[in-house]
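> Place chain B on chain A using the hints.
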Amino acid sequence: MDKKIKFDAKNLDLFYGDFQALKSINLNIYEKEVTAFIGPSGCGKSTFLRCLNRMNDLIESVRINGEILFDGQDINGDIDVINLRTRVGMVFQKPNPFPMSIYENIAYGPKCQGLKDKTKLDTIVQESLTKAALWEEVKNRLNKSALGLSGGQQQRLCIARTIAMQPEVILMDEPTSALDPIATAKIEDLMFKLKKDYTIIIVTHSMQQAGRISDKTAFFLMGEVVEFNETPLIFTNPADKRTEDYITGRFG
Amino acid sequence: MGRKVKDTLAKGIIYLATGITLSVLLFIVGFIFVKGIGLVNWKFLTRDYNETVSYVFVQAAEVPMSIDADNLKKENPYDARYESLIDGPIYIKSIGAAIAKVQYRNNYTEKEQFVIAYIEKNSPLLNAKDSTGKNVDIKTDDIIKRINGINLKNLTLQEAAAQIDNESGELKIKVVQPGGGVKSNIITTLYMVLLSLVIAIPLGIFGAIYLTEYAKPGKFVNTIRFAAECLSGIPSIIFGLFGMAFFVVALKFQISLLSGSLTVAIILLPVIIRSTEEALKTVPTSFREGSLALGATKLQTIFKVVLPCAVPGIATAVLLSIGRVVGESAALLLTAGTVAQIPGTFLSPGSTLTVQAYYVAKEEGNIELACAIGIVIIVIVIVLNVLSRFASDKLDVFNKK
Chain A
2 MDKKIKFDAK
12 NLDLFYGDFQ
22 ALKSINLNIY
32 EKEVTAFIGP
42 SGCGKSTFLR
52 CLNRMNDLIE
62 SVRINGEILF
72 DGQDINGDID
82 VINLRTRVGM
92 VFQKPNPFPM
102 SIYENIAYGP
112 KCQGLKDKTK
122 LDTIVQESLT
132 KAALWEEVKN
142 RLNKSALGLS
152 GGQQQRLCIA
162 RTIAMQPEVI
172 LMDEPTSALD
182 PIATAKIEDL
192 MFKLKKDYTI
202 IIVTHSMQQA
212 GRISDKTAFF
222 LMGEVVEFNE
232 TPLIFTNPAD
242 KRTEDYITGR
252 FG
Chain B
184 MGRKVKDTLA
194 KGIIYLATGI
204 TLSVLLFIVG
214 FIFVKGIGLV
224 NWKFLTRDYN
234 ETVSYVFVQA
244 AEVPMSIDAD
254 NLKKENPYDA
264 RYESLIDGPI
274 YIKSIGAAIA
284 KVQYRNNYTE
294 KEQFVIAYIE
304 KNSPLLNAKD
314 STGKNVDIKT
324 DDIIKRINGI
334 NLKNLTLQEA
344 AAQIDNESGE
354 LKIKVVQPGG
364 GVKSNIITTL
374 YMVLLSLVIA
384 IPLGIFGAIY
394 LTEYAKPGKF
404 VNTIRFAAEC
414 LSGIPSIIFG
424 LFGMAFFVVA
434 LKFQISLLSG
444 SLTVAIILLP
454 VIIRSTEEAL
464 KTVPTSFREG
474 SLALGATKLQ
484 TIFKVVLPCA
494 VPGIATAVLL
504 SIGRVVGESA
514 ALLLTAGTVA
524 QIPGTFLSPG
534 STLTVQAYYV
544 AKEEGNIELA
554 CAIGIVIIVI
564 VIVLNVLSRF
574 ASDKLDVFNK
584 K
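Protein sequences, first through last, are from chains A and B. Plus 1 on top of the position in the first sequence (first one is 1) and you've got this note's numbering. Plus 183 on top of the position in the second sequence (first one is 1) and you've got this note's numbering.
Next up, chain A with everything else stripped away, as it sits in the complex:
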């Protein structure tokens, strides 16, 4: 079955001032799959991830060449960035719930889009929390501060908050690096369920995690994509020597 290409990066270069962080990246990301980016620290995988919803706009010195097609449209061109970000959600490395109630955290995105209807918001909150496997744990404390949740719950709250926007793609930047193994397992479970409805792109430092959850894996090194293929192939039969060295732990 041929899946649809969601993101198509073509000869993407990215500079931080004079430093070139990404060197002519060419990558296709398919719909309703989990794509994992692996590689040593500073190899550009997070930078590339942040290109996909234009979060790099926040950094002053960034300059980008090349194009990224999202459903065929170049997102580096003249597009509505707000609209792009509602379609491409993001979950960060450290859980970053806003210092508001759990309910307000989930309702924040829809409210920012101008949704005021209380019943609709209630439905969205319940649906998102249920999808993020958090509803049972928090349904009695929706009006308590989100900062009172545990780290793992906070991260699932952030995922729920992203789901509340009904995005097409969810970007995850090392979402489990600040969590313990049990919370990590819960989030991995969740990703497995979510990939039915969403395209998920995850940056991870854990090769086991990439192996467990992803359909495709891209190996980044020094700002280049060394290898991009089906995950089982990458881990059992890498085409490139450097990939093999990295996944067998010889460097990185």
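Where hints are given, some of them may not hold.
DSS-like cross-link-like pairs, simulated, lysine-lysine; straight-line CA separation at most 25 Å [to be verified]: (1) Lys487(B) x Lys121(A); (2) Lys24(A) x Lys11(A); (3) Lys487(B) x Lys117(A); (4) Lys132(A) x Lys121(A); (5) Lys481(B) x Lys117(A); (6) Lys464(B) x Lys95(A); (7) Lys294(B) x Lys322(B); (8) Lys187(A) x Lys33(A); (9) Lys95(A) x Lys481(B); (10) Lys218(B) x Lys545(B); (11) Lys95(A) x Lys487(B); (12) Lys487(B) x Lys112(A); (13) Lys112(A) x Lys218(B); (14) Lys487(B) x Lys140(A); (15) Lys328(B) x Lys355(B); (16) Lys145(A) x Lys487(B); (17) Lys119(A) x Lys487(B); (18) Lys197(A) x Lys121(A); (19) Lys194(B) x Lys294(B); (20) Lys145(A) x Lys577(B); (21) Lys242(A) x Lys197(A); (22) Lys218(B) x Lys294(B).
Keep in mind the hints are simulated off the structure, nothing from the lab.
Here is chain B on its own, set in the frame of chain A:
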């Protein structure tokens, strides 16, 4: 010299410095309190600084006294610190009130006076009207000077009472409500705090938002920051001179509440901008990213996420500003004036507590009164401190778990 000796010496110097600082502080506050506390009481806080003289018209009546003579003696409306009882009180039926002769210690009132010691519930004095027919509120401790044109000044208490009792029909009484209080100064101070904060806080917060969230870091922002720092170091008398030249003269606001608060607002701006900026900088970038990644606009991010997180810091800025307004004297002396009255409009003058303290100490040489005002200032600052700390705790979004 051994290391131990050096350590002991250094330690000694540290303790000594702390001790000196503390004792100087305690000494100053103690001095103010010892000097001034004798004057501070409820009447001091609720009276105007200037005595008010009025002629009131009262219909004489026959009002019997409803309490017995012993109880009348126990009535004690006299302010022990301003006045002491010489004779009386004696009840006078025609005005339904008792008067007493007292000795005033206040510098600004003649020494011996007849004051109202007790007012009966249905006394005609309670319906006193001035010549325009407006009600005049006559209270105990008000001074009676003349009745129907007869000066009571050199009479004994008995003679005065007989004189008042003899009159009938409509009585014209000259009443002096004693001054010496700071009510108007307290109210002016509160007005000044409110008005200058209303002007300075929005400007300061929006300025800080511009500097931290919108401006591209570079020469321009650094220049603004440098200017703000310089401004906060300039002595307030300079701002006072500017305020006098610009607001008072050029804009024709006159010496007034408005000129004063605008001038103080300018003094406050750098403080508010700097501390709000610091508060905004401590809000984690991850909150901003999280909000933007949810498709919020920059403005929504600032107002819904960043600002609420910065509230404790902003509250500190407000707190500092309140202290600054309450403590400001040089600039206000030149822009808001020294008239001890409750400002009727934005364009009326009025003196704040600090200006009043300066005025009575310098122009009237009354150190005790100045110290008493000092106590009021200290108390107001402490109360406002506690209030804003309480408020910032309540508003701190990180506190609610």
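> Could you check the structure against the hints above and give me the numbers of any it violates, in ascending order?
Hints 13, 19 and 21 contradicted; others consistent.
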